[in-house]
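Kindly generate the complete structure, drawing on both the sequences and the hints.
Number of protein chains: 2
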Amino acid sequence: MKRIDSVKNEHVKRWKKLKTKKGRETTGRFLIEGYHLVEEAIKAQKLVEYILLTEGANPPATLSLQNEDVIIVSDQIMKELSETETPQGIAAVCVLPSEPDVERLEGQFLLIDRVQDPGNLGTMIRTADAAGMTGVILGEGSVDVFNSKVIRASQGSIFHLPVMKGNLQEWVLRLKHAMIPVFGTSLQGASSYTAIEPQAQFAIIMGNEGEGMSASLLEMTDQNIYIPIHGKAESLNVAVATGILLYYFKG
Amino acid sequence: MKRIDSVKNEHVKRWKKLKTKKGRETTGRFLIEGYHLVEEAIKAQKLVEYILLTEGANPPATLSLQNEDVIIVSDQIMKELSETETPQGIAAVCVLPSEPDVERLEGQFLLIDRVQDPGNLGTMIRTADAAGMTGVILGEGSVDVFNSKVIRASQGSIFHLPVMKGNLQEWVLRLKHAMIPVFGTSLQGASSYTAIEPQAQFAIIMGNEGEGMSASLLEMTDQNIYIPIHGKAESLNVAVATGILLYYFKG
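From first to last, the protein sequence lines are chains A and B. Number 251 marks the last residue of the first sequence (full-length UniProt numbering); no jumps. Number 251 marks the last residue of the second sequence (full-length UniProt numbering); no jumps.
Read the hints as simulated data drawn from the structure, not as lab findings. Only a predicted model underlies this, so the values are computations on that prediction, with no experimental measurement involved. Honestly, I wouldn't trust all of these hints.
You can't tell identical chains apart in this list, so a pair holds if it fits in one copy or across any two.
Said to hold, decoys possible - Quick list of in silico lysine to any residue cross-link-like pairs, SDA-like style, CA-CA up to 20 Å:
| # | residue 1 | residue 2 |
| --- | --- | --- |
| 1 | K13 | T84 |
| 2 | K43 | H230 |
| 3 | K43 | S235 |
| 4 | K250 | E197 |
| 5 | K21 | L47 |
| 6 | K149 | Q116 |
| 7 | K19 | S74 |
| 8 | K149 | E209 |
| 9 | K176 | A215 |
| 10 | K149 | G119 |
| 11 | K250 | P198 |
| 12 | K149 | P118 |
| 13 | K250 | S191 |
Shown next, in the form of structure tokens:
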């Protein structure tokens, strides 16, 4: 078991850079913290590079302390790496997962078009996981999925199902080519979602919090749907809308 | 139109106290800020006591500046009242609504048992509004509904439908007495929600983020239901679960 006490240690300097999107992209690593997330990452295997523990922290039961990857760090180091007021004393440096090689496209997909709020994105991934979706496809212009707030709101679900990044226009073409019906969401020119039958295979696109889906994507879908508003609210939260649609389509 | 420039003005001192739950309860007032919320409050009538504008702010079109209740305040005052980094320059002091007098209980109700996160509570109220629910009943031990984060997450929906506070045990008895079926939510000893038919009248109880509904309430319901988890997530976010259930029960 290694031990690092100085905040000026080269490892620590590198890990601190993982708090920014640029730092994550140049190093191919990301940081997580807290018992629950670290346990989920250990379960997901292959992803964890180092587990960082403070002296006072209880290691999770699933973790062997003989493990070479466990490093004891000072409270000060943990504090500088953490984004919470009172760190739990456990964090991990993880390797960004490689894009899964999707040879034959089948199943149920959630496509996300420019969602900005990290809490919303994390909750959408958690919801897609709960609904048993095959994968999530994150379009350009969305908040970074390895942002610590996204990871926290996902409650570990980013370790449970593939989250792929890509150009949504290309993905819609691929999905349609694979005979998977693609549903857009829009308040205009759309049918109520209850007019559609639950589906064995489908893809649903959810759009930006304020603006909704981009017009060019809406033109490419097989059908566009909306959730009726029965009261005086202007709209639903995008993660709530995702839950309503995914659970309806799963039948 | 009045004008207040000093942060030591007695009004300003009183308004600053509205940032705490205690201050809201002793004065029977609460603060809101931003164009969208102030417009919703104006539409709801009777609730707005003062509208506060900075010199540079554009008043909403729905607001008559001849109105006695409009007060121009300095940027410094707005900054001290605001909870955002860059205030929009518009805020309002509102009167806490009185409990509606429910003579004959009928319709569709969302009951909330000890939900702690302001974002979750606000989003649940917004979702209940969108689903066209008759009212929301907030049990003891939940976060205060006039907390600024709750109001913001509700996106104005707290002005659209009655949100009543009360003892949930008493409310369950009242609802059952009025022949409205009451559904609890629990992962144990419950049926999948899809086993129930959509209902014309119903009440659904949602519980605390970590612990769920209290055991004593679960024993009082007509039936308890759960949302199946198809993937590896441990649970759904409580606001997402609310959306799935309310929209399902509305049919």
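How do K149 and E209 come out at 20 Å by Cα distance, when the copy is not named: within, between, both, or neither? both (17 Å within a copy, 18 Å between copies)
How would you label the pair K250, E197 (within, between, both, or neither) given a Cα cut-off of 20 Å? both (10 Å within a copy, 17 Å between copies)
Intra- versus inter-subunit Cα pairing at 20 Å for K176 with A215: within (18 Å within a copy, 48 Å between copies)
Which holds for K19 with S74 at a C-alpha limit of 20 Å: within a copy, between copies, both or neither? Within one copy, since 19 Å is at most 20 Å while 37 Å is not.
For K250 and S191, with the copy left unspecified, which applies at a CA distance of at most 20 Å: within, between, both, or neither? Both: 18 Å inside a copy, 17 Å across copies.
Between the shortest in-copy and the shortest cross-copy C-alpha distance, which are at most 20 Å for K149 and Q116: within, between, both, or neither? both (12 Å within a copy, 18 Å between copies)
20 Å Cα cut-off: does K250 pair with P198 within a copy, between copies, both or neither? both (6 Å within a copy, 17 Å between copies)
Treating 20 Å as the Cα threshold, decide for K149 and P118: within, between, both or neither. Both ways: K149 and P118 sit 6 Å apart in one copy and 16 Å across, limit 20 Å.
Since the copies are identical, ignore which copy is meant and state whether K149 and G119 lie within 20 Å (CA to CA) inside a copy, between copies, both or neither. Close inside one copy (6 Å) and across copies (14 Å); limit 20 Å.
How would you label the pair K43, H230 (within, between, both, or neither) given a Cα cut-off of 20 Å? between (43 Å within a copy, 18 Å between copies)
Within, between, both or neither: K13, T84 at alpha-carbon 20 Å: Close inside one copy (19 Å), not across copies (32 Å); limit 20 Å.
Please sort K43 with S235 into within, between, both or neither, judging by C-alpha distance up to 20 Å. between (38 Å within a copy, 17 Å between copies)
Consistency with the previously given hints is maintained throughout, with no hint failing.
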